[in-house]
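Asker: With the hints as constraints, model all of the structure from the sequences given.
Going by my numbering, the sequence shown opens with residue 287, and the numbers climb by one from there.
Derived from the structure by calculation, the hints contain no laboratory data.
A quick note: this is a predicted structure, and the numbers were derived from the prediction, not measured.
One or more hints might be untrue.
What the hints assert, rightly or not - Subject to a maximum C-alpha distance of 30 Å in a straight line, what follows is the list of computed DSS-like cross-link-like pairs (lysine-lysine): (1) Lys429 with Lys419; (2) Lys318 with Lys357; (3) Lys394 with Lys357; (4) Lys318 with Lys335.
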Amino acid sequence: MWQRIVHICVWISLLILLAVDGASFPKKDNIKLDPSALTVDERQAIGTKIQTFFASGEHVNLVNYCASLEKQYGTLDFGFSNNSSPYIFLGASLYSLHRTDDALAAFKKALITSPDNGNIHINIGEILLQTFKLDDAMASFRKAYELNNAGALPR
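Answerer: Shown next, in the form of structure tokens:
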């Protein structure tokens with residue numbers, strides 16, 4: 287008898303949960319974790335994994351891993367040094383997969399945290415050159431030259 291009462295209570299609880307509007311609960315996909323809550327070791331593990339994928343030529347795995355991190359954290363900016371932004375590795379991997387528009391977007395995101403990295407400007411310039419945006423490509427190459435040589439081009 288008591289088992290039947292428990293079954294009925296469970297079914298009633300389930301029906302109540304189903305009757306509640308799902309919008310009142312946050313959807314798991316919309317919850318973003320705070321990247322600043324990561325420990326130094328966790329950040330280092332993320333960076334190492336990205337660099338390992340890149341070094342071994344596993345560009346598809348790197349792109350998928352970065353996509354999952356962006357979905358989870360909303361960013362790939364985990365406070366890495368100027369030359370190891372995940373966006374740089376992502377952009378290079380996307381470029382090798384011939385996804386130039388996505389690569390350009392990734393390199394532009396890398397510029398947000400590393401505006402003085404001339405190599406990013408070179409990568410952007412190469413993509414712009416390939417897409418026949420010659421004036422923009424030249425501007426990127428000029429900026430890269432200025433940054434990498436700590437001086438301006440002669441006019």
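Asker: When you check the alpha-carbon spacing of Lys318 and Lys357, does it fall within 30 Å?
Answerer: This hinted pair holds, its Cα atoms lying about 7 Å apart.
Asker: Below or equal to 30 Å on CA atoms is what counts here, so check Lys318 against Lys335.
Answerer: holds (21 Å)
Asker: For a C-alpha distance cap of 30 Å, please report whether Lys429 and Lys419 respect it.
Answerer: Given pair Lys429, Lys419 holds - Cα atoms ~16 Å apart, limit 30 Å.
Asker: Please work out if Lys394 and Lys357 have their alpha carbons no farther apart than 30 Å.
Answerer: holds (19 Å)
Every hint, counting from the list given before, is met by this structure.
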